[in-house]
Amino acid sequence: MVLNEAAKRLGVSLRQTEDQLTRDMLAATASFINCTGGVNGDNPTEITRSDVDTVVRTLLSADAYTIMDNIEGDDKFGTAPVRDAYFGLCSTDLTGELDAVAGFIQKNQYPSPMNALRSEWGAIGNLRFLVSSVGSKSANASNLGVDVYNVFCVGMEAYACIEQDQYSAKFIYRPPIYDGPLALNASVGYKFAEVPRILNDEWIINLRTTLS
Amino acid sequence: MAYNTIIQQGDFVSTGVDKIIALRSDVDWVKVYNLTNIAASDQWDGVTWWWQREMAQDDAVVEFHAAASQVTSMSTCAVGFNGLVLRGISLIDSSDKTPGAAVAVTAGTNAVMPIYSTANTGRMIAGSIVRIQNTAHDNIDGLDFSVDTVTVNTSFRLANALATAPGVVAGAAGTYRLIAPNVTVYNMMHPKKRVISNITAAAAGVVTTLVDHAYVTGQKVRMHVPAGCGMTELDGQLVTVTRLTASTFSINVDTTGYTAFAFPLPAAVPFTPAQVVPVGEDPSYGLLDDAQKNTAFIGIILGTSGTAGIAAGSPGGTTSDVIKWVAGKSFATDIA
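Chains as they are written, first to last, in the numbering used here: chain R, 1 to 212; chain B, 1 to 336.
Check the hints yourself; a few may be wrong.
With a straight-line cut-off of 35 Å between C-alpha atoms, the simulated DSBU-like cross-links for lysine-lysine are [to be verified]:
hint: 1; chain 1: R; residue 1: Lys8; chain 2: B; residue 2: Lys293
hint: 2; chain 1: B; residue 1: Lys293; chain 2: R; residue 2: Lys191
hint: 3; chain 1: R; residue 1: Lys170; chain 2: B; residue 2: Lys293
hint: 4; chain 1: R; residue 1: Lys191; chain 2: B; residue 2: Lys220
hint: 5; chain 1: R; residue 1: Lys8; chain 2: B; residue 2: Lys97
hint: 6; chain 1: B; residue 1: Lys97; chain 2: B; residue 2: Lys220
hint: 7; chain 1: R; residue 1: Lys137; chain 2: B; residue 2: Lys293
hint: 8; chain 1: B; residue 1: Lys329; chain 2: R; residue 2: Lys191
hint: 9; chain 1: B; residue 1: Lys329; chain 2: R; residue 2: Lys8
hint: 10; chain 1: R; residue 1: Lys170; chain 2: R; residue 2: Lys137
hint: 11; chain 1: B; residue 1: Lys97; chain 2: R; residue 2: Lys170
hint: 12; chain 1: R; residue 1: Lys191; chain 2: R; residue 2: Lys137
hint: 13; chain 1: B; residue 1: Lys97; chain 2: R; residue 2: Lys107
hint: 14; chain 1: R; residue 1: Lys137; chain 2: B; residue 2: Lys220
hint: 15; chain 1: R; residue 1: Lys107; chain 2: B; residue 2: Lys329
hint: 16; chain 1: B; residue 1: Lys97; chain 2: B; residue 2: Lys293
hint: 17; chain 1: R; residue 1: Lys137; chain 2: B; residue 2: Lys324
hint: 18; chain 1: B; residue 1: Lys324; chain 2: R; residue 2: Lys170
hint: 19; chain 1: R; residue 1: Lys107; chain 2: R; residue 2: Lys76
Since the hints were made in silico from the structure, they are not lab data.
Model the full structure from these sequences, guided by the hints.
Structural data, given as structure tokens:
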């Protein structure tokens, strides 16, 4: 029972660590566009429709493939068709900001909400937003000294995690007999060897934004 | 103070600035010896320093020459001696990107290398990375830049010249934050993108970056030059770097016929600055070991100061001091 619980928590830790390392690589290396369409007086400003359009246009101009297909319109109240889309990977702190952007479609307004991913928040134009509590944030990085949020807008195969040394991750358990002469303690843990890597720098843009 | 496992030891010759030492694992205690001071027997010279868990950052127990002899006395760096508070030993985790606290700047000059006045330069040294904010220099606010001239508790200067002065003649009171003590700590991933401060019009255009770039000759980078920065002919071009200095490199593009590069003025805020983004393999590394190379480390900082009396009593020492250090782990720590 204890081992099962430890394995579950370690599994979450492994994948979250992997995500955080990938996040930090993207923040360090991807080119950025500051949101400039907002009115909060900062640089970057809060996110607006014009900023999303700028990013989408830039990705389109670079021939980046969209990741998700269209969701065809349906005869249901309060729904709207969703365009084929790139992903915008961002912090859960931005959910309120996204709600306020012109043209935002909540995922429950998709014609078939079952097509939405669990972490998805909604879509604006050709960008569908996936949110995470550990989304990228640069502390005190704006003109006025507030936190800047990094929204990684990515096309298909813009980046990848490359396995090293013939394995990606290993879950390790050593029973007590292997852990000490008195067999008092067991060891359980994980290790992984993989490298996050931008595959095409023109297919990823860091859209930097502040809160309104 | 228990000695148990020594994890690492070494020596260095002080250059008069904070010494940053990367360690192979976490550390519970550090001891430092200044061999030059031990031999000299000058009054008020520190000779050994001890730091262990639960002591404050930038502190240590210090043993020093209380007179011009081998007679020693003890104090802590925080208390100091001879009326001076000393620098001590700190832990560092370069993956922690939390900026330093906001510190007031009282003015900034309108020059391509602006000088910012402050009564508190803190632990800033030449080569540090700082970020100014809330000043009238809106176009520089929020951007990180290297500093090259630090006058202790008086001023610091932006190291890498802008194409155009910030454009505000009146004072630029606001704040600054220390982002990293040097570019090694600043770069968690190597190489990183950089904001461009200038590009010359030349047969091989010369690019200057706000923060020292750490690129090497042969590296491939992509230029991002938005409309507000002039020289849009370079936008999107994939170019090859020839390293010139820590902050400049030339590119294999003749920029003589291009629109002049301009660093946006405050009126242009909000804007996206010009950037250079590493995209290819860095010849100094192997295949698939470039832009994603995680260079973060944990270690210690042996502090020193530009003030001679403080430096002589601090573990980072004064220029040319020969210093030895040893760092270790304790089997167990019983901390109240």
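Status of the hints after comparison with the structure:
The straight-line distance between the Cα atoms of Lys8(R) and Lys293(B) is roughly 29 Å, inside the 35 Å bound, and the hint therefore holds. A threshold of 35 Å between alpha carbons decides the hint, and for Lys293(B) with Lys191(R) the separation of about 18 Å falls inside it, so the pair holds. Annotation: proposed proximity of Lys170(R) to Lys293(B) holds, straight-line Cα distance about 22 Å (limit 35 Å). As the CA atoms of Lys191(R) and Lys220(B) are separated by approximately 32 Å, the hinted pair is consistent with the 35 Å bound.
The suggested pairing of Lys8(R) with Lys97(B) holds, with an alpha-carbon distance near 29 Å, which does not exceed 35 Å. Under the criterion of a C-alpha separation no larger than 35 Å, the hint pairing Lys97(B) with Lys220(B) is consistent with the structure, at around 27 Å. With a CA separation close to 20 Å, the supplied pair Lys137(R) and Lys293(B) stays within the 35 Å bound. Annotation: proposed proximity of Lys329(B) to Lys191(R) holds, straight-line Cα distance about 23 Å (limit 35 Å).
Proposed proximity of Lys329(B) and Lys8(R) is supported: the alpha carbons are some 31 Å apart, at most 35 Å. A C-alpha spacing of about 29 Å is found between Lys170(R) and Lys137(R), which places the hinted pair at or below 35 Å, so the restraint holds. In summary, the hint linking Lys97(B) to Lys170(R) is supported, as the alpha carbons are separated by about 29 Å, within the 35 Å threshold. Between Lys191(R) and Lys137(R) the CA atoms are separated by roughly 26 Å; this keeps the pair inside 35 Å, and the hint holds.
Distance hint between Lys97(B) and Lys107(R) is fulfilled; the C-alpha atoms sit about 33 Å from each other, no more than 35 Å. For the given pair, Lys137(R) sits about 27 Å from Lys220(B) by alpha-carbon distance, which is consistent with the 35 Å threshold. At roughly 52 Å between alpha-carbon atoms, Lys107(R) and Lys329(B) are farther apart than 35 Å, so this suggested pair is violated. For the suggested pair Lys97(B) and Lys293(B), the alpha carbons sit about 17 Å apart, so the restraint of at most 35 Å is met.
Between the alpha carbons of Lys137(R) and Lys324(B) the distance comes to roughly 39 Å, so the proposed pair goes past 35 Å and is violated. Proposed proximity of Lys324(B) and Lys170(R) is contradicted: the alpha carbons are some 40 Å apart, above 35 Å. The hinted pair formed by Lys107(R) and Lys76(R) meets the criterion: a straight-line CA distance of about 14 Å does not exceed 35 Å.
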